Amino acid sequence: MPTPHPQPRRYRQVADELRHRIEAGAIPPGSLLPSEATLMAEFSVARGTVREALALLRSEGLVMTEVGRGTYARPIAPVRRVASERYRKELDQVRSGELGTSFTADQRIEWSAYGLDKAFREVPASRAQAELFAVEPGTMLLERHFVFRTHGEPQQMSISCLLLDMVAGTPVADPDNEPWPGGNTSQLYSLGPTITGIRERPRWRMPTADEVEALRIPGGVHVIVITRQTYVGDRVVEVAEIVRRADLVDLDYWIDLT
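If you read the sequence shown in the numbering used here, its first letter stands for residue 1, the second for the next number, and so on.
These are computed hints drawn from the structure, not numbers from a lab. Hints may contain errors.
When the alpha-carbon atoms are kept at most 25 Å apart in a straight line, the in silico SDA-like pairs for lysine to any residue are as follows [said to hold, decoys possible]: (1) Lys118 to Trp180; (2) Lys118 to Pro179; (3) Lys118 to Met166; (4) Lys118 to Glu178; (5) Lys118 to Ser186; (6) Lys118 to Tyr189; (7) Lys118 to Ile224; (8) Lys118 to Arg149; (9) Lys118 to Ser158.
In this text, all values refer to a predicted model and were calculated from it rather than measured experimentally.
Throw the hints in and build the complete structure from the sequences for me.
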């Protein structure tokens, strides 16, 4: 006799139907979902079942709930393309004097639209930082904390570290010079070295509480964390950890094997 397949719990059936409506556009981004009472009547379920279904959709990042407004389909924010060739474009801009915006390489947005929160401090390299720089632990670094904004909306946060003996006493070490047109590429170019290579390692994870607050990340949304090493010859001169909402970025990498 065949073993009967267990039926999904009722709240999952409600969530599945609402998810289908959102993904099909029947509930457009930013639109309110039916009220709890309406959903209870439509699906013949208790209020607790409806709330479990909505909680599941919130955990998936599909809906958001605001006191006084209700639950609505999460609006679709513009996605930024992060491509490997952006550094080549930035270097070309720096050399030509046409400085752009380093953290998005998005030429559709004027530089004046960008802003950032910043904090600089001098720190000894941790064991992990020293390994990335290929220096001894305790080597002094300039550690720079940034939260980048476009039209006031947070887009990216990062911790960028430079070797202190390379930047101490230069304009690069002065936080008053941020935001610096051309960003990290332009800063290093101003010191003399020309970037010869960049290594990036992306990974996905759930955000920390600080990241949720700083980047206004809704429930269920992951972040992309990119660990970057910037090279001048064989020397690593900058190490950064860049954090962005995974739903707002499109990674596009081309690896040249010629």
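Cross-check of the supplied hints:
no.: 1; hint: Lys118 to Trp180; result: holds, 12 Å
no.: 2; hint: Lys118 to Pro179; result: holds, 9 Å
no.: 3; hint: Lys118 to Met166; result: holds, 20 Å
no.: 4; hint: Lys118 to Glu178; result: holds, 8 Å
no.: 5; hint: Lys118 to Ser186; result: holds, 18 Å
no.: 6; hint: Lys118 to Tyr189; result: holds, 21 Å
no.: 7; hint: Lys118 to Ile224; result: holds, 21 Å
no.: 8; hint: Lys118 to Arg149; result: holds, 11 Å
no.: 9; hint: Lys118 to Ser158; result: holds, 10 Å
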